[in-house]
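Q: Can you make the complete structure from the sequences, with help from the hints?
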Amino acid sequence: MNREDIFKDDIKKIFDEEVSEMEFTDKMMDSILDKTTRSRYGRIRSILNYELQIPLIPAAVAVAALLAVSIMPEGILEKHYRFTTIEIAGSQVMIQEDKEVTRK
Amino acid sequence: MTENQMIDGLINGQEDAFRHMMLLYGNKLLGTCYLILRDRGEAEDVVQETFVRVFKSIKSFNRKSSLYTWIYRIAINLSRDTLRKRSYDLSLNEELIDDSDSLNQLEQKLHLEELKIGLERLNPIYREVLVLFYYQDLSIAQISELLKEKEGTIKSRLSRARRILGEEMKRGGSEDE
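Residue numbers (my numbering), protein chains in the order written: chain X, 1 to 104; chain B, 105 to 281.
Worth flagging that the hints you see were computed from the coordinates, not collected in a lab.
Small disclaimer: the values here were computed from a predicted structure and weren't measured.
It is possible that some hints are incorrect.
Said to hold, decoys possible - Using 16 Å as the maximum straight-line C-alpha spacing, the simulated EDC-like pairs for lysine to aspartate or glutamate come out as follows:
#1 B/LYS160 to X/ASP34
#2 B/LYS132 to X/GLU21
#3 X/LYS27 to B/GLU148
#4 B/LYS132 to X/GLU18
What the hints assert, rightly or not - Here are the computed distance ranges between Cβ atoms for each label pair:
#5 B/LYS220 to X/LEU66: 54 to 60 Å
#6 X/ALA62 to B/ASP120: 35 to 41 Å
#7 X/ASP16 to B/GLY256: 26 to 32 Å
#8 B/LYS189 to X/VAL69: 56 to 62 Å
Claimed, not checked - Not close to chain X: a few residues of chain B, all C-beta gaps over 10 Å, as computed:
#9 ILE111
#10 ARG123
#11 LYS163
#12 SER164
#13 LYS168
#14 TYR172
#15 ASP185
#16 THR186
#17 PRO228
#18 SER248
For each residue, glycine too, the CB sits at the ideal point set by N, CA and C.
A: Next up, the structure:
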């Protein structure tokens, strides 16, 4: 069986290259375990233990926004209008004291 | 964990034992199925089905062969079923080969690309033996046990496969016959 040696290294190299990106993943393993050994409780536990990947920057922005809203004094964004009611010729007129500057 | 402990764990339905077995054989089994089937999705399906069957029928494993051999036999049979579904012609052409007339005449320098083309065109029944022999590093005796074929048959298939590859390389990997 010595003649096999002229192919041996090359065939092995080709096969190794072909499978280089093949990997038996945790996801595959979990899927098999779900079909076999795991009880319903085990399946729920595996879902709860599943590793979550959270994008850092959007998460930080969201946390900062939540924090800002929670520490902001209550009512700071609310607008309080003061009205004065006067009577002119038997009619009641409400005058708003706030001024709004708008561009025309 | 020894093989016997692992088998005991599997029989008792222990997840740890099952996980250990998959970590031990999963990658290599997936590679082997992929090399035989040449389709990633089908290879993954076969590996999953293999492990499910191992789990379901571990109690019938009689420990006469190694667990490794038993698992690979299931995987190879499932791969063959998949190939049959694809309508590959798996008919065996096991004519006796005269070993003296072929490889000595080959050029010594082998071209990987030509060899790749040859491997791609190879009948799955020959490719299967090459994968087990070259990729899995199994001996003729181990392949014979795994495939439940005589050692002479395995030798003949290997010889035939090499000869086909040699002829393919002589032609330079071209489509012309």
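Q: Run the structure past the numbered hints and jot down the numbers of the failing ones, going up.
A: The structure breaks only hint 10.
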